[in-house]
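Make the full structure from the sequences, and use the hints.
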Amino acid sequence: MGASDGYVVGTTKVVDHGPNSDRWNLVIVGDGYRLSELNQYHTDVQSFLTTFRTTAPFNELFCGINVHRVDVVSNESGADIPACAGGTPVAVNSYFDATFCSNFAGSPMERLLTIDSGLATTVATTQVPERHQVLCIVNSSKYGGAGGAVATCSTHGSAAQIAIHEIGHSAFGLADEYGGNGSGTPAGEPSEPNVTRNTNRNTNKWRTLIAPTTPMPSACDGSCASSTCVAPASAPAAGAVGTYEGGIYANCNTYRPLPDCYMRTLGTPFCPVCAGVIRQTLQPFLPTETINLLTPSINFFNVPAGMGGIGVTTQRAIVWEVRTCRQLTFQIINGPSGGFGVPAGTSVSVTADPTVPLAKARLWLSYTSTNPGDLANGQVTVRCNQTGQTWLINISANTIARPRAAVALVLDRSGSMNEDAGDAVSKVQKLREAANTFISLMPPNDGIGIVRFNDTAQRLMEIQEAGVAPSGPGRTTALNHIMGADLNPGGNTSIGDGVVKGKQMLDDGQASAATPYDVTAEVVLTDGMWNQPPSLNDVGGSLTATSYAVGLGLPSNISVGALTSLCQGNNGYLLVTGAITPDQSMRLSKYFVQILAGVTNAQIAADPAGMLDGHAEHRIPFWINEADYGMDVILLSPFPYGIELRLEAPDGTIIDAGTGANSRFVLSNYVSYYRCALPVLPANGDGSHAGLWHALLRIGTPNPDRGWSWREHYAQAQSTHLQRQLPYELVVHSYSSLTFDGRLTQKSFEVGATAKLTAIVHEYDVPRTRYVDSWAEVVRPDGSHDTILLTPTAEHFEADYSLLQNGLYRFRLRARGQTTEGTPFEREKTLTAVAVPGGDQWSPDEPKIDQLCEWLRCLRKSGALDGPLAERFKAMGIDLHTLLACMADRCRQPGLAPREPQRQHDAITSLSAGQMKSLVRWVAAELDKRPD
Amino acid sequence: MSSRYDSEERQTSPSRNSIRLTFRVADGEVALVSKERLRMITPPSVGERPEIGTNGGYWVELRNGQDEVIFHRVLTAPLLHSVELFAPDGTIERAFGESAESRFEVLIPDRDDGRSIALIGESLTPSKSSRKKAAETRELAQFSLVDDEKESE
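Those protein sequence lines, which keep their order, are chains A and B. Each residue of the first sequence is one higher than the one before, counting from 1 in the working numbering. Each residue of the second sequence is one higher than the one before, counting from 933 in the working numbering.
Because the hints were derived from the structure by calculation, they are not lab data. Since no wrong hints were added, every one of them can be taken at face value.
Here are the computed distance ranges between Cβ atoms for each label pair:
hint, chain 1, residue 1, chain 2, residue 2, range
1, A, Ala237, B, Glu1033, 44 to 54 Å
2, B, Pro1020, A, Lys756, 47 to 57 Å
3, A, Val14, B, Glu1071, 39 to 49 Å
Straight-line C-alpha distance at most 20 Å; calculated EDC-like pairs for lysine to aspartate or glutamate:
hint, chain 1, residue 1, chain 2, residue 2
4, A, Lys205, B, Glu980
5, A, Lys142, B, Glu1025
6, A, Lys142, B, Asp1021
7, A, Lys756, A, Asp840
8, B, Lys967, B, Asp1044
Quick caveat, the model's predicted, so the values are computed rather than measured. All C-beta atoms, glycine included, are put in the ideal place defined by N, C-alpha and C.
Quick look at the structure:
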């Protein structure tokens, strides 16, 4: 047994607080662990470290300590257990020869667990020359341990205490404080700092810790006749440091500082004398404590005025970066003046993580906006209680009008917009519904303009303020263009010209606006690929507005790559609908509503769908938190007039169209909504703001007073075609200081590409990943579902997803968590990704490769390639079947399964005349390459 | 108070260079087995300075050229061979016995003015390190630190 019974694998610095030359180095070796048990050894080391670093005073000194774990493999597992306590003796070949029942003075001691300490010291020194203490953990659950140059303990749950006691001796020079018969007790005053024979309060070695009211001696043992201890008249106060008889192996005439201590009984807290010795010993190893104020002033810059006259309350933090081993408390001692608030209290305590001594302390201030143009100034003074440092922080704030956005809708009216979108409704009708919804939801002070395009583009409506919903003048004008003949389909597709006209319209709208808009955005809708100049690549660089695009239809028919590049280069994104199905008939409208949220900086807090049936009421829950200052509860439906929509506040109060106060109900042809400032009921602020809300939906009852158009809609709802069933989509937008931004980026659109997902949550501009989860619910092209978790980093969440199927992917990116005040919140965003063969290579002069593949399959299935055609090719020296086989190889890719004949037909007929000609020319060119 | 202790500096900043001394005690003799210089912080000695003839136990003194004590380190009875026995309920007792040999290490600051090291204690012979009546502390051995070569057995 010995060094031949194993080998040293290597050393890992499991706690790294800095260079070994600057820190107190604890080296841990293991014995009795086979190679297959090293993971268990690692766990056992962590278990010891947890006990060690949570034992005072090491908990406040841990950042001065490095811990090095030496992996040692033993041939056999465990430790020797000779039969000193009965039972079957166990002999183990371990590297350090760990042994229970070690012999001492001729007698075996059952719980005396010893090792070859010389070998352990040699190994530890070789691995970490700067070691201050060596500990050996033995792979045995039997209770035991030992001291000396190398402290030893087993893996028994309480054995770590043995090691800590022994470290008290070897590393800190502390004496034992338990008594005995005096054997081994030194004559004279012990040289150790925690035991004494001196009960004179003026000369006692720990006199500075003894209160004047503590009797000296403080307690006598009473068990030995030779004691000179005089018992005090009254007992000392509990926990009072004094002189208590008994210590360093003698019950009499030696004294310890407290009745009990770790150096007397395992697991008992170290007495103040011993703790002080440990602190003083480790003090030189601690990193320098630093406190850096990162925010010398606080500025609430451009806080928007509220909704409905209620100010927006936002928060900013005074931030210190601290490097410390102890708890530091930052306390406001004066202020804040100027009307600023302290939403999270007037003090904050911070303790650095035991493994990373760097932390941030945040004291929060709040400001509530008032009227546009108002300014506020104040000051606050903060002190660190432990160091006495103080800081005077200047605070300033200003209120601005709520940001206004100007939006140019750039709408496709090419001939293909007459086609069925997929649910027996034409694409142009879908567009009208979605645009109608968008315009109906726009805030009254935002601007709207419309561009249409087919072969060329025209500016239908210049940027004009929408006006009050539902019938403000700009809103009405826009709706008339949308619902009228201006968008009747015909012609080709010049998306680029539409984008250019949209940009020019926005520029002109800004120039002519009495007050410039804060945000400008273009929203492009198209169902196809651009086939008329200018190209999208040529126009993208000139844009300054945020650019969004919606592709209506199959991704293979849309300029996905070019539109994605256009949008991502201008802080926006592309959404592709895919074929619209009857159960997702409002998808295009939802996409427009989501884009509107992006334009107006609203957060999507809920997005459920359902089907109202009969008289049953649907109660749809959604969370509103204290960082939200406004909300829109939006109902999309083919017949919103037929649905009664109400809100239930967290305290149960019902809010309906007639409530007023800070809520307003708007009803239009395709959408109804409540637009609310929070709290909705100022007289009941707590009950109508943060908490769990419900949207209450049911099919409405006839109400003749609601006018002709309502009766028409309701009659349709009651028709046998719908059988009193109404589909709906409920979307909740919140205007909030708790923001969520989801992004999807693709560098390639080929099958097999990777979609990179990112989710960013901010609360009062501070990144949030703690107490927040983020995930994505995926619908693949084949309709199957997947869910992936996004991994938190320091400031956001991320994940990669492989696009292995051909077609359109939908990602519902979500986040759920708690605000810093503990209120639940939810946020989400829908994004799409596309992967198609040849997705990176499409040119308007050539049909896409997947279209060629579909054409090939159609030809082969239909039998058009058989017979005389093959003979004619053969006469020209071309083996047609071989040629087609080569083409089939190109098409034979994962996910590129043949589609239904109906879709093949669509694929063929979806080729434009120009593309068909190109295809024929290409085949002919291939044939021409062959010699006659 | 002996004058040799007047020179012991209360270090306000720790020594960043140390010497690890390894001693062997056997047959009534103590030997300095090795002397290793390391770039590591020397833990300070905490507590009152022990004095020969006043304090019991064992300690090491680092002395300068004038034989003044410039650093000390209290030792936890390396020459009294003993073991601690631990019970699961947390109680501890120490058993004493004789030992033919023991080794111990001491970490001292590597100072330019350090010239010698002295081991102070009661006895080099375990049987005389009495369990019943301890002898007065005295200088048991002294070693020069001037030779930089590592001393080995």
